[in-house]
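Following the hints, position chain S against chain D.
Taken in order, these protein sequences are the chains called D and S.
Residue 2 is where the first sequence starts when you use the numbering used here, and the numbers rise one by one after that.
Residue 2 is where the second sequence starts when you use the numbering used here, and the numbers rise one by one after that.
If you are wondering where the hints come from, they were derived from the structure by calculation, not from laboratory data.
Wrong hints could be hidden among the right ones.
From chain D, some residues computed to sit far from chain S (all C-beta separations above 10 angstroms) [said to hold, decoys possible]:
#1 His130
#2 Ile207
#3 Gly224
#4 His225
#5 Ile289
#6 Gln299
#7 Ala330
With a cut-off of at most 20 angstroms between alpha-carbon atoms, the simulated DMTMM-like pairs for lysine to aspartate or glutamate come out as follows [unchecked claim]:
#8 S/Lys108 <-> D/Asp80
#9 D/Lys3 <-> D/Asp341
#10 S/Lys108 <-> D/Glu84
#11 D/Lys108 <-> S/Asp80
#12 S/Lys220 <-> S/Glu233
Model, not experiment: these values are computed from the prediction.
In this text, a Cβ means the ideal position worked out from N, Cα and C, and glycines have one as well.
Number of protein chains: 2
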Amino acid sequence: MKIAQVSPLFESVPPKAYGGTERVVSYLTEALVAMGHDVTLYASGDSVTGARLVPVVEHSLRLDPRQPDWLTWHTIMLDRVFESAPSFDVIHFHVDFLHFPMVRRCKRPCVTTLHGRLDLPDLAPLFRHFCEQPVVSISDSQREPLPWAHWCATVHHGLPTDLYRLNPEPGRYFAFVGRVSPEKRIDRAIEIAIACDMPLRIAAKIDPADRLYFDRQIKPLLGHPLVRFVGEIGESEKNEFIGGARALLFPIDWPEPFGLVMIEALACGTPVISYSCGSAPEVLEHGITGFVVHDQQQAIAAAREIDRIDRRGCRQAFERRFTAETMAARYLEVYRELVDPH
Amino acid sequence: MKIAQVSPLFESVPPKAYGGTERVVSYLTEALVAMGHDVTLYASGDSVTGARLVPVVEHSLRLDPRQPDWLTWHTIMLDRVFESAPSFDVIHFHVDFLHFPMVRRCKRPCVTTLHGRLDLPDLAPLFRHFCEQPVVSISDSQREPLPWAHWCATVHHGLPTDLYRLNPEPGRYFAFVGRVSPEKRIDRAIEIAIACDMPLRIAAKIDPADRLYFDRQIKPLLGHPLVRFVGEIGESEKNEFIGGARALLFPIDWPEPFGLVMIEALACGTPVISYSCGSAPEVLEHGITGFVVHDQQQAIAAAREIDRIDRRGCRQAFERRFTAETMAARYLEVYRELVDPH
Chain D
2 MKIAQVSPLF ESVPPKAYGG TERVVSYLTE ALVAMGHDVT LYASGDSVTG
52 ARLVPVVEHS LRLDPRQPDW LTWHTIMLDR VFESAPSFDV IHFHVDFLHF
102 PMVRRCKRPC VTTLHGRLDL PDLAPLFRHF CEQPVVSISD SQREPLPWAH
152 WCATVHHGLP TDLYRLNPEP GRYFAFVGRV SPEKRIDRAI EIAIACDMPL
202 RIAAKIDPAD RLYFDRQIKP LLGHPLVRFV GEIGESEKNE FIGGARALLF
252 PIDWPEPFGL VMIEALACGT PVISYSCGSA PEVLEHGITG FVVHDQQQAI
302 AAAREIDRID RRGCRQAFER RFTAETMAAR YLEVYRELVD PH
Chain S
2 MKIAQVSPLF ESVPPKAYGG TERVVSYLTE ALVAMGHDVT LYASGDSVTG
52 ARLVPVVEHS LRLDPRQPDW LTWHTIMLDR VFESAPSFDV IHFHVDFLHF
102 PMVRRCKRPC VTTLHGRLDL PDLAPLFRHF CEQPVVSISD SQREPLPWAH
152 WCATVHHGLP TDLYRLNPEP GRYFAFVGRV SPEKRIDRAI EIAIACDMPL
202 RIAAKIDPAD RLYFDRQIKP LLGHPLVRFV GEIGESEKNE FIGGARALLF
252 PIDWPEPFGL VMIEALACGT PVISYSCGSA PEVLEHGITG FVVHDQQQAI
302 AAAREIDRID RRGCRQAFER RFTAETMAAR YLEVYRELVD PH
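If we strip away everything but chain D, and leave its shape as in the complex, we get (with noise of 0.2 angstroms):
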């Protein structure tokens, strides 16, 4: 098939330190690629792939340090897109919204991932406007704030299978990965860590915003010696660093709509306790790959148990249900669909 691949510029693909959507599209694109499609990338041109690759803007965005506008470049990325339509028997984007006014007009098959939370109060008005424009979700829940919107399919992120390894022999240590922010609920980590008096590790981007939440409510609590904090880590060393602890610590106390990091852990064989919120009750199953809880009495329990799960089988979730290739066949599904409606 030829697939065109619409990808935000914020980050190259993939990008170089932290950014989700970039890192799925350019694991999205290389499968397809892989399985012989004629895929076209449209990226920034600091991008890396084995696509076609449309270089709309030579830097990504986000770390440019002449601050471009990003919404002069999409809007260029838009037009080069639609330019070049006809060419494609598919257009998958990752953008957002921006596009919908074109899709409407574009005679191809286009389908949008959509990658955000969608509980924000106009998102609702925008998707009722734009009812009939094929969305995709990452996960069931992410869809519950927009039920009526036109919901093609969910299908999870997916890693490349060997990106990370098994560790069946972890160390003794619980791992805390993501950013430094009130919903990623650090503050919960550390207080199951301490009751269970396991050792974490807790390895946090802090985001100029979340600045001051980390100096007031985090910082105070890192002093506890069996609390480590090791900053931001970077792709090469996640295999160790959540291979090698006990369990993914996951306390989330907002709506995640994927929570990659998640399948991350399972890639290395290491279980995650996360609470029952947003894409997790999908994504984990409940004893198997680790454990869904609802309080920190649950939470400290799970940890405690965390033992009981066979790391192999956790290795064997992720590589059933969260392989690049498993995520880019469910997407094959849509575009076929898409282009030959039943």
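Chain S alone, transformed into the frame defined by chain D:
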């Protein structure tokens, strides 16, 4: 003619308080209606117009305490505009560039007035990409950074003829009207007034972004007995405030694309002393409606000679060049040329 006017949604049309673009859209729309044209106005639902209003969003966005997402509502607006495109002879956009990819694929004539400064670095690649889009400048000087854009015309802003009335007998003070921001140079205005031993009344809005600048740079200057800071003034107070002044001081330090307050002053018969930046040399006739100066020495000399300027001549210049009727007539020429190119 069947004309669509597409306004930003940040302020109502006309705005309840500050808001340059929406104010000009209102004056243009009402003038076109008065001339017998069939005008449809896309704007926020709290707008007031003699045209057919399409209320895209209930409340204008800037002052809505729910802080609506501006891009959502502008995207919905564009879709609604292009849905009805076949029913218009011409569509006139005032919303920057979001619509350019749609305009490229629209069969009806479209034109965009660029209301902002154009010397921002990302606009060059944008206008190179969309180089065929018909655009109108609000002053010739505004075009300078983008000479290769497809300029159809310069159309200066205009005000309803009877919005302000001539005050032939001003009081003994100079006036400053504008935002408190570094490029507006209140400090220069204060220096000019003090050098002339003339009271200065400052009507200025302090945006949150400019609060620090105000506190550090301007506040210390306000203690002088000749200087009076009156804060923000409403539309109804402007005639008295500006019309009562011996001169409007406009000692700007940036490429002001138009500077509506200059023609407000002329409408009151008040001459303007402006630095030679942006549109000022086009709007003012040096020695007739005020003075265009290059430094403080010239500004002070001009301020001392301000009584040489005939206030009736200022009002006449306004009536000749800067009424809403003149503006609407110029836009009609642009529309006609687009509908039926020679």
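**Item:** Which numbered hints fail
**Value:** The structure conflicts with hint 1 only, although it agrees with all the remaining ones.
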